[in-house]
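Participant: These protein sequence lines are chains A and B, in that order. As numbered in full-length UniProt numbering, residues 1 to 177 make up the first sequence, in order. As numbered in full-length UniProt numbering, residues 1 to 112 make up the second sequence, in order.
None of these hints come from the bench; they were simulated from the model. These figures come from a predicted structure and were not determined experimentally. Each hint should be verified, as a subset may be incorrect.
Unchecked claim - Derived CB-CB ranges, DEER-like:
#, chain 1, residue 1, chain 2, residue 2, range
1, A, Glu106, B, Ala95, 48 to 58 Å
2, B, Gly93, A, Lys157, 37 to 47 Å
3, B, Ala84, A, Asp82, 21 to 31 Å
4, A, His109, B, Gly96, 56 to 66 Å
5, A, Ala66, B, Arg78, 49 to 59 Å
Said to hold, decoys possible - Cut-off 25 Å, straight-line C-alpha distance, at most; resulting in silico cross-link-like pairs (SDA-like, lysine to any residue):
#, chain 1, residue 1, chain 2, residue 2
6, A, Lys169, B, Asp8
7, A, Lys165, B, Ala17
8, A, Lys110, B, Ala17
Glycine is no exception: its CB is placed at the ideal position from the N, C-alpha and C atoms.
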Amino acid sequence: MHDEAKLINKAVRGDSRALSELLREHYSFLYQYALKMTMNKMQAEDITQETMLRAIEKISGFQGRAKFSTWLLSIASRLFADRIRRKEREKAWLREEQSLRAIRYETLHKMDEWPEALQALGELSGEIRMPVLLKYYYGYAQEEIAAMLDVPVGTVKSRLHNGLKQLRKELAKHEEA
Amino acid sequence: MKKHSANDPDQQWFDEAMGDAIARFDASHSPGVPELDAFERLVQARKREARKRLWRDLTLFWLTACFVFGSMAWVLERNWIWFAALQVAAAAGGAGFVACNFGRRTWSKWKS
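Same shape as in the complex, but just chain A (with noise of 0.2 Å):
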């Protein structure tokens, strides 16, 4: 913890190797989150890179007010978000529906299952995952997810709700199956 203090100290006044460090550290998490989130190998890529790419740019903006790991989450989510803007409504479903089938075989080969809890998970929109994975696996307050994805406290509070609702549903469905 001392360290990555340390660390973001001298990123923050232009040193290189720290911060290529600091990113090396968050890596694995920063791609297990757009993973997550996208439920679409190569867009977690893209977004996993362009996250970075940003950081190198804005480093120096950093106050530390968030912990390093949290600005990623946040720059990554709303270049995701953005993405989720920019789609063309009609072929955002199908294109959706590819992607789950993709990381739903990948993952069947290194895990032997497809648990329905993710199939539930991959089913919500990307609007309404973000929140819900930033708030009941990650942790964080409604008021800071809000000021991660930049929407009101209670755009927030709703996605949570329409999200919780629809994975109980989901898996109430698996279940009586």
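Fit chain B to the known structure of chain A by using the hints.
Facilitator: Positioned in the frame of chain A, the structure of chain B alone reads:
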């Protein structure tokens, strides 16, 4: 990762129904982390690119500023009424641009 609130029923439900599956998903998809050298090359290349872009933008800014200032000085010398009209038009355009952007941002916040 942060601490979860233990007495939130939604949190408890999520931990029980989803937490384990997501943690295993994370573990099975941990990426191969590149060597430190690769990160250093990326950082240095990006910084170089950003510096180049900054110089290009600064050059463009000063060239445009010189052109605008020169043109205005030329107009002022020839006809001060035209100069005043241009100033008023520029001020109105600026105000309109700011109002438009502010309106769009408020609208998108309200919509979300």
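Participant: The structure should be examined with respect to each hint, and the outcome stated for every one.
Facilitator: A quick look at each hint next to the structure:
1. A:Glu106 / B:Ala95: 48 to 58 Å: 54 Å, holds
2. B:Gly93 / A:Lys157: 37 to 47 Å: Between Gly93 of chain B and Lys157 of chain A, where Cβ atoms are some 40 Å apart, the hint holds.
3. B:Ala84 / A:Asp82: 21 to 31 Å: 43 Å, violated
4. A:His109 / B:Gly96: 56 to 66 Å: Once the Cβ atoms are compared, 57 Å apart, the range 56 to 66 Å for Gly96 of chain B and His109 of chain A holds.
5. A:Ala66 / B:Arg78: 49 to 59 Å: Given a distance of about 56 Å, which is inside 49 to 59 Å, the answer is holds.
6. A:Lys169 / B:Asp8: 19 Å, holds
7. A:Lys165 / B:Ala17: 13 Å, holds
8. A:Lys110 / B:Ala17: 21 Å, holds
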